[in-house]
Each structure stands twice: as C-alpha cells, then as structure tokens.
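Chemist: Those sequence lines, one after another, are chains A and B. To convert, note that position 105 of the first sequence is 105 in the working numbering; the numbers rise steadily by one, no gaps. To convert, note that position 104 of the second sequence is 104 in the working numbering; the numbers rise steadily by one, no gaps.
Derived from the structure by calculation, the hints contain no laboratory data. These figures come from a predicted structure and were not determined experimentally. Glycine residues also receive a C-beta, built at the ideal position from the N, C-alpha and C atoms. It is possible that part of the hints are untrue.
Chain A stretches covered by chain B per the calculated footprint, using a threshold of three residues with CB under 8 Å from any CB of chain B [what the hints assert, rightly or not]:
1. 15 to 25
2. 47 to 59
3. 85 to 98
4. 129 to 136
Restraint ranges, calculated between C-beta atoms of paired labels, are given here [unchecked claim]:
5. A:A103 / B:E17: 20 to 28 Å
6. B:R33 / A:R157: 39 to 47 Å
7. B:M146 / A:A103: 50 to 58 Å
8. A:A66 / B:S148: 25 to 33 Å
9. A:D119 / B:S148: 24 to 32 Å
10. A:K171 / B:T37: 24 to 32 Å
11. B:D102 / A:P116: 23 to 31 Å
12. A:D119 / B:D38: 24 to 32 Å
13. B:E122 / A:G162: 38 to 46 Å
14. A:E152 / B:R72: 21 to 29 Å
15. A:N15 / B:L65: 26 to 34 Å
16. B:L65 / A:D114: 46 to 54 Å
Here is what each chain is made of, one letter per residue.
Protein chains: 2
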Amino acid sequence: MPPVAPRTGDAIFANIERVNAELFTLTYGAIVRQLLTDLEEVEEVNKQLDQMGYNIGIRLIDEFLAKSNVSRCNDFRETTDVIAKVGFKMFLGVTASVTNWDADGTCCSIVLEDNPLVDFVELPDNCQGLYYCNILSGVIRGALDMVSMKTEVTWLRDVLRGDDVFELQVKLVKHVPEEYPYKDDE
Amino acid sequence: MPPVAPRTGDAIFANIERVNAELFTLTYGAIVRQLLTDLEEVEEVNKQLDQMGYNIGIRLIDEFLAKSNVSRCNDFRETTDVIAKVGFKMFLGVTASVTNWDADGTCCSIVLEDNPLVDFVELPDNCQGLYYCNILSGVIRGALDMVSMKTEVTWLRDVLRGDDVFELQVKLVKHVPEEYPYKDDE
Numbered sequence: 001m002p003p004v005a006p007r008t009g010d011a012i013f014a015n016i017e018r019v020n021a022e023l024f025t026l027t028y029g030a031i032v033r034q035l036l037t038d039l040e041e042v043e044e045v046n047k048q049l050d051q052m053g054y055n056i057g058i059r060l061i062d063e064f065l066a067k068s069n070v071s072r073c074n075d076f077r078e079t080t081d082v083i084a085k086v087g088f089k090m091f092l093g094v095t096a097s098v099t100n101w102d103a104d105g106t107c108c109s110i111v112l113e114d115n116p117l118v119d120f121v122e123l124p125d126n127c128q129g130l131y132y133c134n135i136l137s138g139v140i141r142g143a144l145d146m147v148s149m150k151t152e153v154t155w156l157r158d159v160l161r162g163d164d165v166f167e168l169q170v171k172l173v174k175h176v177p178e179e180y181p182y183k184d185d186e
Numbered sequence: 001m002p003p004v005a006p007r008t009g010d011a012i013f014a015n016i017e018r019v020n021a022e023l024f025t026l027t028y029g030a031i032v033r034q035l036l037t038d039l040e041e042v043e044e045v046n047k048q049l050d051q052m053g054y055n056i057g058i059r060l061i062d063e064f065l066a067k068s069n070v071s072r073c074n075d076f077r078e079t080t081d082v083i084a085k086v087g088f089k090m091f092l093g094v095t096a097s098v099t100n101w102d103a104d105g106t107c108c109s110i111v112l113e114d115n116p117l118v119d120f121v122e123l124p125d126n127c128q129g130l131y132y133c134n135i136l137s138g139v140i141r142g143a144l145d146m147v148s149m150k151t152e153v154t155w156l157r158d159v160l161r162g163d164d165v166f167e168l169q170v171k172l173v174k175h176v177p178e179e180y181p182y183k184d185d186e
C-alpha cells in the first residue's frame, strides 16, 4: 500500500503556481477592512469571513486532491494530519502541527506558529472581538465537508489577541461515508 | 553606474515568500463577489476595487523597493518597464510587456497575457460592465503615486470581455519631482 500522503508539502509547494505573500496579505487585509466598513458589527464580519472561507474551501479541495498525491485517508486523525502538514504548506507555505487529541479521536487542535495572513496586522481597540483569520476556519470546514466530514472549527488561541500561537480546534461532528445510491449497471 | 534594474523579476520572485496562486485567485474572487452583493452597482464595485488596489499599491511599493534592488528610474519610460518586467513577476509571477508609447513618452500600455486573478472566472450577464481586475489598476496608480508620479490607469482590453489580452493604459498626468523643503542644516 502506498503511503497515505507525502510527509510534508514542501515538494508540492515548490512546484505549483504562486503569488507574492505580501500581496496576498494586503489583499486579505483589504477584504477584512471592507467587511468592517460594510457590516459594522464585528460578529457579522466573523460570520462573513467564515462563509467566504467555506466557499473557498469547497473549491480548494479539488486542487488539493489533484496536486497533493494524497490517497484516501483512513480516518479523521490521518485527515487532520494531512491538512496540517501538507495542506497548510501547499497553500500558505507554512507548516502546522496537530495536538490535543481527545480520547475518541474526534477532536484535536491545529497549531500554527507562523501565519502570513497577519503580517503587519494589529487590531484596533474597537475590533477586539474580531477573528481576523476566520477565513481559515471556513476553508477547513468547507474542504472537509467535501470529503464527507462535517466539522466545527473554532479558534482557541490567536496571536492577534495576545496568545503565543494560533490554535484552531477541529471537532468532527458527523462522518458521512460515501454512498453510491445506484449500482453501475442501473 | 549600475543597471537600473534586474532584467526580469525571476530571481527575486524565486526568493520571496509566496502563497498558492489558486488560494489567491479564489480569495480575490470572494472579494469581488462580496462587493457585488454589498454595493449592487457594478460601477461602484469598479471604484471600490480601484480604491482597494490603491491602498495596497501605496504599501506594496515599499516591499518592491526593498526587495527588487531597483535603483532610481530616470524617467516614466524606465519606470513602466520596471513595473512590467520586474513588478508583475515579483508579485503575480507573470511577465507583462510595454507597448503603444505616445510621441512624448507620457502614455503607454502594459499588456498582460497571463493573469492569475482570472483563472476559472466567467462574468455573468449582469456583470458585463465590471472591470474584474480593477484592483490591479489601483495598485499601479497607488505605487506610482508614492514615487511622485500621478497617473491615470485605464483598461483598454480585458480577456473577460472577450479580448485576447489584458491591456492597461498608463498615462502620466503629473510628475512631481522630489523636493526637500528644508536644507539639512536648518
């Protein structure tokens, strides 16, 4: 049996089309600023960023499966490991780690020390409730949804809120195994 | 005298932090969609994209000057050449060409055959007036503003509107030479 995935996303990241990280960072900052202006309520901005991320995630999973050479993951544990080690590298150029597993293997944390989204960012006082990187939680939720894993993704730690790292809790709510409602010859 | 700039941005692009182009493309698409929902009028979306680009451009110029090793450009012609050959490569990973100069060297076109912003994009019928990539014109205008060149940047051709390439007309309106209002010993 081939290994489930490359150990890291380095080689894949080196071979895909990329753009300048600072351009991405500033463009993302422009989105957040725009949403803050248009929606006013920080809580609404969090929701909208998550929804935008979700819409991106359900498309990005195709690129991921096409370019990553990841074969089917056997369980949620393997899946989160691939997201952290291959996914983050492949898309953001950084590596994350997986930790804090619960006993039954349905909840863990993805920890991110480096995050290009927040370069040069400081939250003003009136934005303290903002989850600035909420697009990321949406992307993960959207991508996992497309491989039949319903999840809840929540920020536990956030450097912009004074923590030392970013920590995203990923909780598997429901795993819907793929079903083929019709046989091939029907 | 050292050459004004590296001939291309290839070496610089290879050595800066980058993110996945598809992530950038989808994120930019999410902005445009958000603006279309919030602002409704296509003309307003064009303006807002241009303004967002301007705000990005006035910051991106710092990264450009810091990392590109470009020394002072002697005139507008040299400047646009650097934007097309080094700037586009450094930030978007593509190369542009400069053409259609007017007689007095104050107006030209930057032509772009490849543009990662528009991968997978098709404009629906109700968005035919949209300049989808208007953020780019804003970035150029903002960046040039910071080096004392007031410009007007206008789309002449757009692949999303059925043209074969993207063509941005850059017109120098005013060149404000840097002035030092105080002498050093004042």
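Chemist: Each hint: holds or not?
Modeler: Results of checking the hints against the structure:
{"no.": "1", "hint": "15 to 25", "in the structure": "holds (count 9)"}
{"no.": "2", "hint": "47 to 59", "in the structure": "holds (count 5)"}
{"no.": "3", "hint": "85 to 98", "in the structure": "holds (count 4)"}
{"no.": "4", "hint": "129 to 136", "in the structure": "violated (count 1)"}
{"no.": "5", "hint": "A:A103 / B:E17: 20 to 28 Å", "in the structure": "violated, 39 Å"}
{"no.": "6", "hint": "B:R33 / A:R157: 39 to 47 Å", "in the structure": "violated, 30 Å"}
{"no.": "7", "hint": "B:M146 / A:A103: 50 to 58 Å", "in the structure": "holds, 56 Å"}
{"no.": "8", "hint": "A:A66 / B:S148: 25 to 33 Å", "in the structure": "violated, 46 Å"}
{"no.": "9", "hint": "A:D119 / B:S148: 24 to 32 Å", "in the structure": "holds, 27 Å"}
{"no.": "10", "hint": "A:K171 / B:T37: 24 to 32 Å", "in the structure": "holds, 30 Å"}
{"no.": "11", "hint": "B:D102 / A:P116: 23 to 31 Å", "in the structure": "violated, 40 Å"}
{"no.": "12", "hint": "A:D119 / B:D38: 24 to 32 Å", "in the structure": "holds, 26 Å"}
{"no.": "13", "hint": "B:E122 / A:G162: 38 to 46 Å", "in the structure": "holds, 44 Å"}
{"no.": "14", "hint": "A:E152 / B:R72: 21 to 29 Å", "in the structure": "violated, 54 Å"}
{"no.": "15", "hint": "A:N15 / B:L65: 26 to 34 Å", "in the structure": "holds, 30 Å"}
{"no.": "16", "hint": "B:L65 / A:D114: 46 to 54 Å", "in the structure": "violated, 25 Å"}
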